Structure formats: C-alpha cells, structure tokens
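Chemist: Line by line, the protein sequences are chains A and B. Position 86 of the first sequence, counting from 1, maps to 76 under the numbering used here, and the rest follow consecutively. Position 68 of the second sequence, counting from 1, maps to 58 under the numbering used here, and the rest follow consecutively.
Just so you know, the hints here were simulated from the structure itself, not pulled from any lab data. Nothing here was measured: the structure is a model prediction, and the numbers come from that model. C-beta: ideal position from N, C-alpha, C; glycine also. Among these hints, one or two may not hold up.
[To be verified] If you only want the chain B side, here are some residues facing chain A, beta carbon under 8 Å, derived:
1) R2
2) G135
3) R137
4) W164
5) T168
6) I195
[Claimed, not checked] A few chain B residues that don't get close to chain A, going by computed Cβ distances all over 10 Å:
7) Y21
8) P35
9) E36
10) S43
11) Q48
12) V53
13) P109
14) K111
15) L119
16) K120
17) V121
18) L130
19) P147
20) E153
21) A157
22) R180
2 protein chains.
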Amino acid sequence: MKSLGIPIPTLRRLPLYYQQLLQAHRNGEEYVSSVELGKATGSAPEQVRKDLSFLTGQGKSRVGYETKKLAEIIEDYLGLMDDKEAVLVGAGNLGHALALYQGFAQYGFRIVVLFDNDPMKVNGKVGELKVLPVEKLTNLVERMGIRIGIITTPPQPAQEIAEMMIAGGIKAIWNFSTAHLVVPEDVLVRNVDLSLELAVISHYINGLSVRNS
Amino acid sequence: MKSLGIPIPTLRRLPLYYQQLLQAHRNGEEYVSSVELGKATGSAPEQVRKDLSFLTGQGKSRVGYETKKLAEIIEDYLGLMDDKEAVLVGAGNLGHALALYQGFAQYGFRIVVLFDNDPMKVNGKVGELKVLPVEKLTNLVERMGIRIGIITTPPQPAQEIAEMMIAGGIKAIWNFSTAHLVVPEDVLVRNVDLSLELAVISHYINGLSVRNS
DNA sequence: TAGATTGTTAATCGATTAACAATC
DNA sequence: TAGATTGTTAATCGATTAACAATC
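Whenever a hint applies, use it, and build me the whole structure from the sequences.
Modeler: Okay, here's the thing in structure tokens:
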C-alpha cells in the first residue's frame, strides 16, 4: 500500500494545517507563517514547511502562506470537497456514533447506508439512515458505485465483510474491528483499533505505579 | 513524552500478539511461533521476535513461544490486569459509544463516570453511568484517585478540560477532540483524531479518480 | 538595507528488515 | 544429527530535525 510520493504522517498532518488555515481566514488573516501553523498544530515549523513542500511551493518569504489559497490547495490535494459516499457494516455502539457524527461532512464524507446481521436491527433506522441486511452489501455497493467501506463489527465476520465490500468495488476500508484484514494490493485499509491505544496508556500508567510503589 | 525503552509501535503491536496468544491457548496450543504470530497479526516474523525481545527472552528454539506464559508476560508488562478507572468528558455520540463499549473491560479498563456541560444531559445516565456537570470534574478525579481521562468534546473546551483533569491528578489523556493539547511533560496524551484518517482515505480515493478520468 | 521567512539539502534519529549464529 | 526457530547484530529505509542559502 503505497501512498505514492507523500508520507502518510504528512498526509495526517494536512487536515490540521487545513483547519488552522480556515480558522485564520475566518479571522481575516491573509497570511500565516510556518511558525504559527506549527504552534497551533504541535509540529515544528520545519516540519510544516517540509510537509507543505510536498504540495507546491506557495509560501512567500517574510509573509508566510496565503491562508485562502493554501486551504484550497489542500482541499484539492486531498479531494476534501468531492462527495465521498461510504457504507458502514456493524450497527453497534461505535457504528451508531460514526453514523451520527456530524464532523465528517466538512470533508465531503457521507455514510449513506448501514448494514447489520441482527434481525432486530435490520430494516430499522439509525438517525436518517436505513439498516439493511448484510446479504445486500455487495450488490448495493456495486449499484451505487460506492468506494469506501467502514467495518465496525466484531473481529470474526470482518474478513468476510471486507471481501463482500471488495467484490462490490470498494477501494478503501476503514477498519475499526480488531481483525487483521487481508486484501488485494489496490485496496487501502486503515485500521483504527482503539484497544491498541489502551495498551500505550495502560503501559504508561503501569510504569507510574511501579515507580511510585 | 518518552515511553522509556520500548518503541510505541511495538507497544501497539503487543495487544495483537496477546489476543493471538489467548486464542491459541484456548485452542489448546501450547506453543506458537513468530511466523504464526506474524501471519495472524500482519507483521513479519522478524518484527514479532524483535518486539518480544523487549519483554524478555521467552521463546524456545524449534518450538516457539509458550502461549500461556507469554500472554502473562504481556499482561504484566502492559498492566492489563490492573483495574484502571477513567472519566470521560463529552457525552455526545462518540462519548456514548465509548462508555457503552464492552471491549475495554478485557484490558482492565473501566469508565466510571461521564461529564458534560449540557443541562439536558447532566444528572442523567448513559447505560449504568452517571453524567455529572463539568464543575465537579477536578474534585471527583482527585477524590477517587483517577489517573485516566477521555475527552470527546468539540475542540474549543478541550484544553480547559485537560487542565481540569490534570489539576485533579490525571496522568494520561485519551484525546478524541481535534484540539492540540498542551500539557506538562509527565502527562501522556494519546490523540485519536478520526478525521486525520479520513484525509488518508480521501487522498487515496482522489488519486484513483484522477487516474481514472 | 536588514530581517523575517521560505524551500531545500544534509545530518540525525529511530524503526523495520535482513542476515545469521546459537540452540534445542 | 538435521532442521526449525529463536535472539541479536548489522544494513536499510524513511521520517524528522537542523542548517542555511535564497528571497522578498
């Protein structure tokens, strides 16, 4: 899984800069420097400049980066303004939260339908969104030309669901399950396993206890 | 923020190995090799051995790692079995989902109370958990000796909430807000900003569209 | 002009991957 | 013993940090 050219850490920092640029623009600031961007986002100014140099040289010596213009460049580069439809499988707590979360819309990201196996949930609704049976997954994805799938199921069915998604033409999977997914080369998988973060936190707290006792 | 000795990527892989070890143990397998662990978790076998070597040499040539023993070593190392109480601030969709999620319990992790500003939510309940007003945060944290805080609020109040947490003695913050938190050196912050993942996905899908058109 | 700031090249750092001797 | 597998050292890779010339 190559991201062709740009490092993934850089890619993940771009939305942080983007938000700051929008903010600055709303405040009527025409330019913002790498130092300011860095301070607001927690990166070193060199890092900011390096990251932005992947997009295109836009900064001006002495004044910094044009807020509006650079925000637009990032928008284009990440495709933030394109409408991106997604399906979500697994209408549990986390699935609900993601389906109802408003914040994704600002990046053109929109969940259009949920899937679940549980007969209690199927044909119900979560907010405005229908919950359909998993059997219809591949078909609907294909028919609607959807390219993004979100998995918020337990680990057991995750691989099978990924395959159904891919069969329907999905090219990017946002995997919240703890399963390790095996997919073809041209399919992007982004794993968000919250328990992995717990390990870091737990180890840190554990270290404190050991030292204190 | 140093994790003293062990790389964070390694720390994040340990729970993956741990789950596989438990699984193997349940299946009655006494030993598991680095090749098997790697295949199941998506790491190279060398990576697995390297990671495990941070803990203690436990493997045996020719047979692999003792499932039960290694699982226990990881448990100890990460402090998974210690009861770790946490507070959560921001009883929105994501806050609900985290509060209700069952999966954290297996790592000894337990959210004990929620906080929110919204008078509609305050003094209500989410599942079994009370929702208290944010004014009580510092005090309750201090009184109960809680060391872990979770922030699932909008970005604006996040810094202030972090400070209230820290004032009460919290040492690790799991930050789901998009805010960049500034904290003392001895406080661990783990950021989970889901929109950063969206940037990676969006850029990938964008790249596909460009190539296809 | 002097000074601030960019963009880029080079140096450093840290993690991953490869190689291989040791061992059961 | 032969072969599988570990543990560790060395090589590679990639990202971050530092340095600095170019520029407005």
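Chemist: So, for every hint listed, does it hold in this structure?
Modeler: Outcome of the hint check:
1. The interface hint given for R2/B is met, as the beta carbon of that residue sits about 4 Å from the closest beta carbon of chain A, less than 8 Å.
2. For G135/B, the shortest C-beta to C-beta distance to chain A is roughly 11 Å, which exceeds 8 Å, and the interface hint is violated.
3. Given hint, R137/B at the interface with chain A, holds; its Cβ is 6 Å from that chain's nearest Cβ, closer than 8 Å.
4. The interface hint given for W164/B holds, since its Cβ lies 6 Å from the closest Cβ of chain A, which is under the 8 Å cut-off.
5. Among the interface hints, the one on T168/B holds; its C-beta lies about 7 Å from the nearest C-beta in chain A, closer than the 8 Å criterion.
6. About 6 Å separates the beta-carbon of I195/B from the nearest beta-carbon of chain A, less than 8 Å, and the hint is met.
7. The claim that Y21/B is not at the interface with chain A holds, since no C-beta of that chain comes within 10 Å of its own (minimum 21 Å).
8. Non-interface call for P35/B relative to chain A: holds, since the shortest CB-CB distance, roughly 15 Å, exceeds 10 Å.
9. The beta carbon of E36/B sits about 17 Å from the closest Cβ of chain A, which is more than 10 Å, so the claim that it is off the interface holds.
10. Distance check on S43/B: its Cβ is at least 16 Å (rounded) from any Cβ of chain A, clearing the 10 Å threshold; non-interface status holds.
11. With a least beta-carbon separation of about 18 Å from chain A, Q48/B lies farther than 10 Å from that chain, consistent with its non-interface assignment.
12. At the 10 Å boundary, the C-beta of V53/B stays outside the reach of chain A, the nearest C-beta of that chain being 24 Å off.
13. For P109/B, the condition that its CB be more than 10 Å from all CB atoms of chain A holds, with the nearest at approximately 21 Å.
14. Consistency note on K111/B: stated as away from chain A, and its beta-carbon is indeed over 10 Å from all of that chain's, at 15 Å minimum.
15. Consistency note on L119/B: stated as away from chain A, and its beta-carbon is indeed over 10 Å from all of that chain's, at 13 Å minimum.
16. Residue placement check: K120/B keeps its beta carbon more than 10 Å from all beta carbons of chain A (closest about 18 Å).
17. Its beta-carbon lying about 16 Å from the closest one in chain A, V121/B satisfies the requirement of being farther than 10 Å from that chain.
18. Separation of L130/B from chain A is adequate, the least Cβ-Cβ distance of about 18 Å exceeding the 10 Å criterion.
19. Here P147/B stays apart from chain A, with its beta-carbon at least about 15 Å from theirs, past the 10 Å limit.
20. Non-interface status of E153/B relative to chain A is upheld: no Cβ of that chain comes within 10 Å, the nearest being about 16 Å off.
21. The claim that A157/B lies off the interface holds: its Cβ sits roughly 17 Å from the closest Cβ of chain A, which is beyond the 10 Å cut-off.
22. Its beta-carbon lying about 5 Å from the closest one in chain A, R180/B breaks the requirement of being farther than 10 Å from that chain.
The earlier numbered hints that this structure contradicts are 2, 22.
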